[in-house]
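K.L.:
Here's the letter readout for the chains.
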Amino acid sequence: MSDAPVIVHADDLYAGYLPGIDILNGCSMEVREGELIGIIGPNGAGKSTFLKSLFGLVPIRTGTVKLGEEDITNKRADDLVKRGIGFVPQNNNVFPSLTVAENLEMGAYQRPKMFKEQMGRIGELFPKLIERKDQRAGSLSGGERQMVAMARALMMNPSVLLLDEPSAGLSPDRQDETFVRTREINKTGVTVIMVEQNARRCLQICDRGYVLDQGTTAYTATGQELLKDPKVIELYLGTLGA
Amino acid sequence: MTNRIDRRVVLRALIVLVVAAAAVTFLGSLGSSAVASTPEVASYAAGATSDATAGITQANTIHAEAVSDDGSTETNRYLQQFVNGIVFGLLLALASVGLSLIYGTTGLSNFAHGEQVSLGALLTFFFTTQQTVSIPFVPVEFTIGWPLIPSALVAIVLAAGTGWLQDRFLWSPLRRRRVSIVQQMIVSIGLSLALLNFIQWWFGAERQRLSTSIDTRIDFGMFEVGQSTLWSVSISVICLGAVAFFLLKTRTGRATRAVSDNPALASASGIRVERVIRLVWIMATGLAAIGGILLAIYDNAAAFDVGARLLLLMFAAVTLGGLGQAFGALVGSLVIGVAVEMSTLWLGTDLKYAVALAILILVLLVRPQGILGRAERVG
Chain A
1 MSDAPVIVHA
11 DDLYAGYLPG
21 IDILNGCSME
31 VREGELIGII
41 GPNGAGKSTF
51 LKSLFGLVPI
61 RTGTVKLGEE
71 DITNKRADDL
81 VKRGIGFVPQ
91 NNNVFPSLTV
101 AENLEMGAYQ
111 RPKMFKEQMG
121 RIGELFPKLI
131 ERKDQRAGSL
141 SGGERQMVAM
151 ARALMMNPSV
161 LLLDEPSAGL
171 SPDRQDETFV
181 RTREINKTGV
191 TVIMVEQNAR
201 RCLQICDRGY
211 VLDQGTTAYT
221 ATGQELLKDP
231 KVIELYLGTL
241 GA
Chain B
1 MTNRIDRRVV
11 LRALIVLVVA
21 AAAVTFLGSL
31 GSSAVASTPE
41 VASYAAGATS
51 DATAGITQAN
61 TIHAEAVSDD
71 GSTETNRYLQ
81 QFVNGIVFGL
91 LLALASVGLS
101 LIYGTTGLSN
111 FAHGEQVSLG
121 ALLTFFFTTQ
131 QTVSIPFVPV
141 EFTIGWPLIP
151 SALVAIVLAA
161 GTGWLQDRFL
171 WSPLRRRRVS
181 IVQQMIVSIG
191 LSLALLNFIQ
201 WWFGAERQRL
211 STSIDTRIDF
221 GMFEVGQSTL
231 WSVSISVICL
241 GAVAFFLLKT
251 RTGRATRAVS
261 DNPALASASG
271 IRVERVIRLV
281 WIMATGLAAI
291 GGILLAIYDN
301 AAAFDVGARL
311 LLLMFAAVTL
321 GGLGQAFGAL
331 VGSLVIGVAV
341 EMSTLWLGTD
351 LKYAVALAIL
361 ILVLLVRPQG
371 ILGRAERVG
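Chains as they are written, first to last, in this note's numbering: chain A, 1 to 242; chain B, 1 to 379.
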C-alpha cells in the first residue's frame, strides 16, 4: 500500500434499497490518493450497491463514508459531484436525446466555464468523441456510450471516479479498450474505484482489489496477490486463474 | 426530448396531416348525407363545434352561411376550417407543451392540467370584469376591472405560482417518499376534480367573457381571421418559440432535457433535479394559463370546465407527438387541431373527439413511438 493520504474511507456500512432489508452488512474500504481499486465478487454480493452507497444513491443506515476528512455519508449525488466525485453507472449512462457535446456539457453543469477547458483533455483521452460531438448519444454503440459516460464524469475534473461495471455488455475488444482507458485516466492522477464482473481483467490492471461476499468485504490485497490467491481463483476466477 | 426539428420530422408531420385529412374526408363521404347534406347545416356544425372547443366565432359562422350559395364556398370552407384548425392547434399546443414537459421530467400524467387552463382564463376574468367579485372564504365583494393585458399578466403569474405551490407542497413530497407514478396519477385525478369543483364554486357554471369589445375580422381572400385571433396566434407562436429556445439554447433548458432523459444520471452529473422539476412545474402551469386566456379570447368566453374538456385532446396531442417530447406536443396539437376542426365539415360535432382519438390510434399503430418519438438503439 502506498503512503499517499487516504482519500475515501468507508467504515462498516450497512445499506439497502428497501427499509429493513440490508444488502451491505458491514462493508469497509480505505482508498489512497491515486490508487486504482477493483471491487470483485459473485453476483448479488453487493458490489454495485456498495459503489452506489458511496455516491449517495443507496441510503446508508449505519456506518460512515469520508472523503478526505469530510463526512459525506448520505450526501446528495449532485453535492458529491461538487466535492470532486464522478460516477459512471452501469446502465443508462448517457442522455440519449442529447448530442455527445451536450452530454459532456451536462457533466460540467455546475461549473460551465470548465466545459471548454476540459474539452481539450477529453479530446486527448477520447479523440473519437470529438469527431462525433454533434451526434445524438442514443445512436452510439455500447462502447461509444461508455466513452461518453466516462468523459461526462471527468468533466468536473474529479479527484475520485467511481465506475460501475464499465465493461459490461461490451465485446472483448471494447472491454480491453475500456480497461486501458481506465488505467490512462488513473495515471492522470484520478483515484478510480471500479466494480467489475470481469474479475481477472480488473485485477490485472488495479493496484488493489476488494473481494465482496454476501454484503461484506471478505478480504483485500494487491491485484497481483489476489490473482494468485487460491481461494479467489477457485471462487471467482475459475481453474485457469493464473 | 429531441434536440432539433429536422426535415424528416416536418415531413412526417405533413404526412400525418395529409393522412388525417384523407381519413376525415373518407369518413365524411360515408356520413355526409346523414349529417351535413347542405352547406347551411355544415356551416352550423362548424360553428357549433368551435363554440364548444374554441373553434370559429359567431361572426365566422355568419360569414360561412352568407357565402354558402357561392361556387367557391367549398374551397373557402375547407381552407377556413384548416386555418381554424391550425389556430386551435397552436393554442392547444401551449397547454400540451406543459403537460409534456411534466410527463418528460417526472413521468406523471397530470390529469389536473386542464384545470390550470381554466384557472388562467378565469383568473383573468376575475381581474378584468366590471362585475363585483370576491375571493373564496373572504366575505367582501369588490370590483377590480383592470384592462385585459395587466389582468392576463397577473393571472399568468398567479397560475405559475400555483405550479410552484403544487410542486413544493404536493408533488415534491410525494416523489421524496417514493410514491409510485400510478399513485401520483390517481392523486392528480383527485386534484383535478377538487380544482374543477373549486373553480365552479368560485366563478359559477356560466360562461364568462374576458372582453366585451367586438372583434374586427381581417379578410385574407380565401379565409378570414379575427384580429384578436391573430394576436392570440402571434403570442402563442412567440411563447412556443421561447420554450424551444429555452430547451435548445440555454444550459438550464438542456438540463431539463437531460432530466427528461434520465433523472438519476442527471443527478449524478451534478444537476439539481428537484430544482429543474420545480421550474418545469412553474413553466407548465404558466403556459397552460396563457393557453387558457388565449383560448378564452378566441372563443369569446370561458367556463369552469373549459380545461377539463380539453384534457383528452391535450393527452391525445402529447401521445401523438411522442410522449415526453416537447416539440412532439406542438406537432401533435397541430394535427389534433386540424383534425378536430376539419372533421366538423363532414361529421357531427359529437364525433369531433372521436376523430382526434381515431387519428391517435391510427398513428400509434403505424408509429408506436409517436410522430417525433425516436426508437432508441439498445446496447
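Bear in mind the hints are in silico, worked out from the structure with no lab data behind them. Hints should not be assumed to be uniformly reliable.
As the list claims (entries may be wrong) - Short derived list, chain A residues pointing at chain B, Cβ under 7 Å:
hint	residue
1	Asp78
2	Asn92
3	Phe95
4	Ser97
5	Glu102
6	Tyr109
Said to hold, decoys possible - With a Cα cut of at most 20 Å, we get these calculated EDC-like pairs of lysine to aspartate or glutamate:
hint	chain 1	residue 1	chain 2	residue 2
7	A	Lys82	B	Glu274
8	A	Lys187	A	Asp3
9	B	Lys249	A	Asp134
Claimed, not checked - To give an idea of the interface, some chain B residues facing chain A are shown, with a C-beta separation under 7 Å as derived from the structure:
hint	residue
10	Val237
11	Arg254
12	Ala258
13	Asp261
14	Asn262
15	Ser267
16	Ala268
17	Ser269
18	Gly270
19	Arg272
Glycine residues also receive a C-beta, built at the ideal position from the N, C-alpha and C atoms.
K.L.:
If a hint holds in the structure, say so; if it doesn't, say that too.
P.N.:
Status of each hint after checking the structure:
1. Asp78: holds, 5 Å
2. Asn92: holds, 5 Å
3. Phe95: Nearest chain B Cβ about 4 Å off; hint holds.
4. Ser97: holds, 5 Å
5. Glu102: With a closest approach of 5 Å, the Glu102/A hint holds.
6. Tyr109: holds, 5 Å
7. Lys82/A <-> Glu274/B: Holds: Lys82/A and Glu274/B sit about 16 Å apart, inside 20 Å.
8. Lys187/A <-> Asp3/A: holds, 17 Å
9. Lys249/B <-> Asp134/A: holds, 14 Å
10. Val237: violated, 24 Å
11. Arg254: Status holds, d = 5 Å.
12. Ala258: holds, 5 Å
13. Asp261: holds, 4 Å
14. Asn262: holds, 5 Å
15. Ser267: Hint on Ser267/B: holds, closest Cβ of chain A at ~5 Å, below 7 Å.
16. Ala268: Status holds, d = 5 Å.
17. Ser269: holds, 5 Å
18. Gly270: It holds, given that the least Cβ distance between Gly270/B and chain A is near 4 Å, below 7 Å.
19. Arg272: For Arg272/B, the interface hint holds, since the closest Cβ of chain A sits about 5 Å away, which is under 7 Å.
The earlier numbered hint that this structure contradicts is number 10, and it is the only one.
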